[in-house]
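> Sequences are here, hints too, so could you generate the full structure?
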Amino acid sequence: MATLNSNQSINTRFSMAPNIRLRHLTPILLYAFVQLFPLVIREVRPEWLTETFIGLWMAIGFTVTIVLSLLLIWPDLKQYKAQGVQSNLNDTVKWIGLGILMQYGLVIVANLIETAISGELVESMNTQTIADMVEVIPLMILPVILLGPIIEEILFRHILFGNLNVRFGFWIAFAVSSILFALIHQDNRFLVYIAMSFAFSYAYAKTRRLIVPIAIHAFNNALVMLVLFLM
48 MATLNSNQSI
58 NTRFSMAPNI
68 RLRHLTPILL
78 YAFVQLFPLV
88 IREVRPEWLT
98 ETFIGLWMAI
108 GFTVTIVLSL
118 LLIWPDLKQY
128 KAQGVQSNLN
138 DTVKWIGLGI
148 LMQYGLVIVA
158 NLIETAISGE
168 LVESMNTQTI
178 ADMVEVIPLM
188 ILPVILLGPI
198 IEEILFRHIL
208 FGNLNVRFGF
218 WIAFAVSSIL
228 FALIHQDNRF
238 LVYIAMSFAF
248 SYAYAKTRRL
258 IVPIAIHAFN
268 NALVMLVLFL
278 M
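Sequential numbering of the sequence shown, starting at 48, is according to the working numbering.
Hint data in this document are derived by calculation from the structure and do not stem from the laboratory.
Be a bit skeptical, because a hint or two may be false.
Simulated restraints on C-beta separations [what the hints assert, rightly or not]: (1) Trp218 to Gln175: 30 to 38 Å; (2) Arg89 to Val213: 23 to 31 Å; (3) Leu103 to Ile75: 20 to 28 Å; (4) Thr97 to Leu76: 24 to 32 Å; (5) Val223 to Leu270: 26 to 34 Å; (6) Leu148 to Pro93: 27 to 35 Å; (7) Val223 to Leu136: 30 to 38 Å.
Small disclaimer: the values here were computed from a predicted structure and weren't measured.
Backbone N, C-alpha and C define an ideal beta-carbon position, used for all residues, glycine too.
Structure (C-alpha cells):
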C-alpha cells in the first residue's frame with residue numbers, strides 16, 4: 048500500500064480513473080437539471096412554484112445530485128489514495144485551517160482592488176440575494192451552507208479543475224475553472240470569486256482530498272450568512 052504524501056506539490060498533475068466522460072458529465076447534467084427545473088415549472092405550472100416547493104426541491108435535488116456524484120467520482124478518489132498523493136489526517140486538518148486563512152487574506156486583497164477600481168466599497172449582489180431568499184425560505188439555508196459548497200467543489204474543483212490539471216497543469220486549470228466559477232455566480236464581485244477559487248484549488252491540489260475545499264467553502268458560506276443575519 049502506498050504511503051500517503053503529506054507534502055503534495057501543486058505542480059503534481061492530477062490523474063483520473065477510466066470512463067471519465069460518463070462519470071464526470073453526469074454530475075454536470077444533474078446539477079443543471081436541479082437549477083433549471085424551477086424555471087420550467089414557472090412557465091408551465093407557475094402556481095406550483097411556492098416557497099416550500101423551491102426549498103424542498105433544492106434541498107432534495109442537491110442531496111440526490113451529491114450522492115450520485117460522489118459515487119461517480121469515487122474511482123478517482125480511490126486512485127489518489129492508491130497513488131499515495133492524498134494528505135494524511137493531520138495535514139488534511141491543517142490545510143482546512145490554512146485554506147480558510149488563505150481565502151480571507153486573498154479576499155481582503157480582492158476587496159481592496161475592487162474598491163480602488165470603483166472608488167467605493169462594492170457590496171455583493173449575489174450574497175444579498177441569497178440572504179433575502181433564505182429569509183423568505185428558511186429551508187434554503189441547507190443548500191446555501193452545506194449542499195451548495197459540496198456540489199460546487201465536486202464540479203469546479205474535482206471535475207473541471209481536475210480534468211484541466213491532467214492536461215495543462217495547475218495554473219491554466221486554476222485560471223479557466225476560476226473564471227467559470229466566478230461567472231456562474233452572476234455577481235459583481237468577480238475578483239473575490241477568483242480569490243476564493245484560488246484558495247480552494249490550491250488546498251485541493253496540496254491534499255487531493257475533496258473534503259478540504261468543501262470545508263473551506265462551507266465555512267465561508269456559513270460565516271457570511273451568520274454576519275448578514277446578525278446585521
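> Determine for every hint whether it applies to the structure shown.
Here's how the hints hold up against the structure:
About 32 Å separates the C-beta atoms of Trp218 and Gln175, a value consistent with the hinted range of 30 to 38 Å. At about 39 Å, the CB distance of Arg89 to Val213 disagrees with the hint of 23 to 31 Å. Distance hint check: the CB atoms of Leu103 and Ile75 are about 23 Å apart, consistent with the given range 20 to 28 Å. For the pair Thr97 and Leu76, the supplied restraint of 24 to 32 Å holds, since their beta-carbon distance comes to about 26 Å.
Roughly 28 Å separates the CB atoms of Val223 and Leu270, a value that falls within the hinted 26 to 34 Å. Under the hint 27 to 35 Å, the C-beta atoms of Leu148 and Pro93, about 46 Å apart, miss the expected range. Between Val223 and Leu136 the C-beta distance comes to about 31 Å, which sits within the given range of 30 to 38 Å.
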